[in-house]
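S.K.: Kindly generate the complete structure, drawing on both the sequences and the hints.
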Amino acid sequence: MEITTLHYLVVAAALFIIGTVGVLTRRNVVIILMSIELILNAVNLNLVAFSRLYGLHGQVFSIFVITDAAAEAAVGLGILIAFFRNKETVNADEIDLLKF
Amino acid sequence: MNPVATPYFFYGLAAVAVLSAIAVIMRRNPVHSAIALIFTLLSLAGLYLMLYAPFVAGVQIILYVGGIVVLFLFVIMLINIDSMQREYQFNKQWLVALLAAAGLGVLFVAVYVKGQAIFPQHAIRFVEEKNTQQVGKMLYVDYLLPFEIASLLLLVAIVGAVVMAKKRI
Amino acid sequence: MAEVFKSEQSLSSVEHIETEKGVDQPFLDATELILNMGPQHPSTHGVLRVILKLDGEKVLNAECVIGYLHRGVEKIAENRTYTMFNPYVDRMDYVAAVSNGLGYCEAVEKLLNVEAPPRAQWVRTILTELNRIASHQLWLGTHALDIGAITPLFYTFRDREEILKIFEKFCGARLTTHAFRIGGCQYETYDGFEQDVKKFCDFVTPKVDEYETLLTTNRIWLERTKGVGVLKAKDCIALGVTGPVLRAAGVKWDLRKAQPYAAYKHFDFDIPTGQNGDTYDRYIVRIAEMRQALRIIRQAVESIPEGPIMGKVPKVMKPPVGEIYHSIEAPKGELGYFIVSDGSTQPYRVRVRPPSFVNLQALSKMVEGALVADVVAVIGTLDIVLGEVDR
Amino acid sequence: MLQNFLNYLNQNVTPGQAGAYIWVVIYILIIFAAVSVAVIAMNWLERKILAHMQVRLGPMRVGPHGLLQPFADALKLLLKEDIIPTGADKLVFWMAPVVVVLTAFTTYIVIPFGPTHAVTDMNIGILFMLGVASLGTLGIIMAGWASNSHYPLLGSLRSSAQMVSYEVAMGMAVVSAVLMTSLTGLGVYGIGGTGDTLGTLSMIEIVRAQMNQHVWFAFKFFPLGLLAFGIFAIAMVAETNRAPFDLPEAESELTAGFHTEYSGFRWSLFFLAEYAAMIAVSSIAVTLWLGGWLRPFPHWLGGDTWDTAFSFFPALTFFVLAGLTLRTTMRMPKHPYFKIQKTGLGVFGLLLGAIGLVLLAPPVRDRIQDIYWFTIKVAGFMYMYIWYRGTFPRYRFDQLMKLGWKFMIPAGIGVLIATALAGVL
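Residue numbers (numbering that gives the first Met the number 0), protein chains in the order written: chain A, 0 to 99; chain B, 0 to 168; chain C, 0 to 390; chain D, 0 to 424.
These are calculated hints, taken from the structure and not from any lab test. This one's a predicted model, so the numbers in the text were calculated from it and none came from an experiment. Just so you know, not all the hints are guaranteed correct.
Restricting the straight-line Cα-Cα distance to at most 20 Å, the calculated cross-link-like pairs of lysine-lysine (PhoX-like) are [stated by the list, open to error]:
#1 Lys-401/D <-> Lys-165/B
#2 Lys-225/C <-> Lys-57/C
#3 Lys-197/C <-> Lys-168/C
#4 Lys-109/C <-> Lys-164/C
#5 Lys-311/C <-> Lys-109/C
#6 Lys-198/C <-> Lys-168/C
#7 Lys-109/C <-> Lys-225/C
#8 Lys-251/C <-> Lys-233/C
#9 Lys-47/D <-> Lys-341/D
#10 Lys-225/C <-> Lys-401/D
#11 Lys-86/A <-> Lys-165/B
#12 Lys-109/C <-> Lys-165/B
#13 Lys-233/C <-> Lys-364/C
#14 Lys-198/C <-> Lys-164/C
#15 Lys-341/D <-> Lys-57/C
#16 Lys-165/B <-> Lys-405/D
#17 Lys-264/C <-> Lys-109/C
Which chain B residues face chain A? A few, computed with CB under 8 Å, are given here [what the hints assert, rightly or not]:
#18 Phe-89
#19 Tyr-139
#20 Tyr-142
All C-beta atoms in this analysis are idealised placements derived from N, C-alpha and C, irrespective of residue type, glycine included.
M.R.: Listed below in structure tokens is the structure:
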């Protein structure tokens, strides 16, 4: 059976939904950040899959997305460490102060 | 060279990707989640290779798996406390999550059903041998401005991360 | 860095290190990690245990736990005659057994008010200085090994072997020699002793240069040792630190010059000193001391007098009631013996002032704010022997 | 079928590109076996060379001159009890050595031992190699974390920080070499050939570019190529956790670092992976800067006569080794006790000689040359590794970081910019 673009899109959608569920339900911020990575990867898969139909632009964009993911992970984890130092927790529902 | 056994590879990689993704959000121990994330990312790199995007696959491995996940693991080791694993891992938003998941699922199905017609039926056959060169050219010619902005973003991210994580500035 | 595992190995002696959460503690104690270095560890030079409180790699606090090698040597002395106790002292600082023996013998001689004949004094000086070289060689090899240079160890052991051969020929033992007796030496030196010692001096002089080519100007060695474990002269004196560690801080204090014993007042030698009191200076001072020791040995062998080797001491030693403190400059610092006599054949009390034990006190001061790797370097540079620390 | 099978031999591409899957499997098996043998040989050589640097003999008891010592060690390790600490995370503990070994061996599929002697040629060859090599860190982090002990944890934290830092410098050096593949100008030195002005990441194409440009990249744009090569040569030692950068397993500080809690077979996997990774990164250095499989002076000493002369080198090397072995056999004491050892060493020497004879045969001679030159260059690096270990003290963690961030990375960026300028001007 030929593997078409649609197959890839289904995988990407599955990853996206899993990521969304992870962001919404988990308490641990580290895992929420990982779920965001999952979502970004789903997007990437879509971009690369479509690049097979419409040219290389999708691949180039997926590289930008990876760059963004790196920046997001670095800043997110930095905030997390700063927060953890002060509150000794990484649970999202306990992060309820604007200033600490 | 013609690919062999493509469907099997695809299904195998897709299964690994999705199952590990589920493990990412289900595991109690964040380190296990991170390891599951590695499997997802690696199988996605495999899928990129199948899509004739070797450069993106290489970047995926070297940046995501070699860089970002190492960062995740590093931070988990810094803040992993046993007591945290004994707490409730999920908050009470399961209803919201279910709705969101269902909504997204419906949306995707709708898009696929509607959009099937507008996808070109035949894929472009890329010359795999020159993929890197072509991507490079595009990055530096067509997408020069986004490229520079991305570099600026990374600089800001470096500064931000250092400011955030440093104890005393 | 965080404490990753709640310190589950409830260390009984650690409790007071745990920081209490408070206002003046801006960051959580979760950033601290308690590392239990030793008693089984490749570079604590025996069974020293150091409890390190770490922030990442940085040492916030270090606490030494000693006593794993305690054999009650001082107590044993109270149940032995003066002669019988003599071999025991060799087991304290076993890499410089001859120095230990010299200190004990001279202390008892002082108590008995006898003096060893000149020839014995000269032989004692030669052997003690040979032992100083052997001790410094062993220190250099293991210290370099701690810092990661594995090769000098084998070079120093190769050359130390020659010294041990001389010991073996002289008294039959290599490590715990029991070389001296109260009142002199048991036997006359073997034939060819002088030649052997001279040959050794000629053999080892270029070897000391060889050690220096391996390490002295090595960039990594310089980076690892300069400015590491600094102990200033004031702190040295306050802590009672002696030996090369004190001299590296710039204090020209050497008991061989200050209170000459054995035959040292007849020889001409210098006291090498450093300025900064860091690990590198201590290395340089010890290397220079090896050279000075060779100088002393050369002079001693040239001028060794003829005569009896054993002084006149009674067969049954009953020193007069009294007490005596006598100290010598052992390779590691001031080695003192405090002996109280109640007039019987056995000492009432023997108290040893071991240089390693006193020098080890400085460890926690020296490593504060340093890195884990520095702890290892500093333990090495203090040149401790746990047999002597715990006794 | 058989014809199909043998057809590949006449093709001038790697089996991966030719689509000859049976040959791919054969190549993978050969490489796996060869690397394992190389690791065993390295084990013996390291102990012997290090011993001779340290005025001692090294292993002498098991087999003549300790030749069988690695096998005895392997046997011991396999028979040892396999301990998993009580508090350890069993899954991760189990997975860590597997990850390390897998990544170390996966890199080999793109290493070109010759123009056709690679499993496959990838468009992203060098990127793939660096990426997969960096995955080894994950295994080390997992091992340190899963052990549930403080020394391994410190070791793995050191390892992750170290690898992330040195990978950047390594990448910069690699990029400057990749850049050179596209800079076909003669440069200031007036030597050089022609080539594609489009750069490449493929390992085979990089070597081809060096052939076409008539210069090994280490010597291109002197001293820029040499500088980049030097940066890589330092970074690769740090990357493989070898002395003087062996902080993650610093024996005198962290007892054994990340593999403190490992024993027996699992520990031997770490050992295997470490040496395999050393060979792999040395192969990258050889490919990128020292002309890969090219023999010395392929153009300056060109022509059929020189080609033939150089093709005798592999056989010659084996004859020299056989001669040395037989000489040692002769010099062994004449005593019944040494009879078995003497026979063994003699047979070993004759075996080496026989291999040398086989290598003299013309078809073998032509095919084996590339592999020979590649191996010789890698062996040079391996000797350097041992030499470093015998000479240098260990860096401290902050000094390592200082060297990495304040010297290596700026130097790498500087060399990259200078190379680009030198190529354009």
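S.K.: For each hint, tell me whether it holds in the structure or not.
M.R.: The hints, checked one at a time:
1. Lys-401/D <-> Lys-165/B: Between Lys-401/D and Lys-165/B the Cα gap is close to 17 Å, so the pair holds against 20 Å.
2. Lys-225/C <-> Lys-57/C: Roughly 18 Å between the alpha carbons, so the hint for Lys-225/C and Lys-57/C holds.
3. Lys-197/C <-> Lys-168/C: Holds: Lys-197/C and Lys-168/C sit about 15 Å apart, inside 20 Å.
4. Lys-109/C <-> Lys-164/C: violated (31 Å)
5. Lys-311/C <-> Lys-109/C: Between Lys-311/C and Lys-109/C the Cα gap is close to 13 Å, so the pair holds against 20 Å.
6. Lys-198/C <-> Lys-168/C: Judged against 20 Å, a Cα distance of about 14 Å means the pair holds.
7. Lys-109/C <-> Lys-225/C: violated (42 Å)
8. Lys-251/C <-> Lys-233/C: Given pair Lys-251/C, Lys-233/C holds - Cα atoms ~13 Å apart, limit 20 Å.
9. Lys-47/D <-> Lys-341/D: holds (19 Å)
10. Lys-225/C <-> Lys-401/D: Cα-Cα ~16 Å, so holds.
11. Lys-86/A <-> Lys-165/B: holds (16 Å)
12. Lys-109/C <-> Lys-165/B: violated (63 Å)
13. Lys-233/C <-> Lys-364/C: holds (13 Å)
14. Lys-198/C <-> Lys-164/C: holds (12 Å)
15. Lys-341/D <-> Lys-57/C: violated (55 Å)
16. Lys-165/B <-> Lys-405/D: holds (19 Å)
17. Lys-264/C <-> Lys-109/C: Roughly 17 Å separates the two Cα atoms, so the pair holds.
18. Phe-89: This interface hint holds because 5 Å falls under the 8 Å limit.
19. Tyr-139: violated (10 Å)
20. Tyr-142: holds (6 Å)
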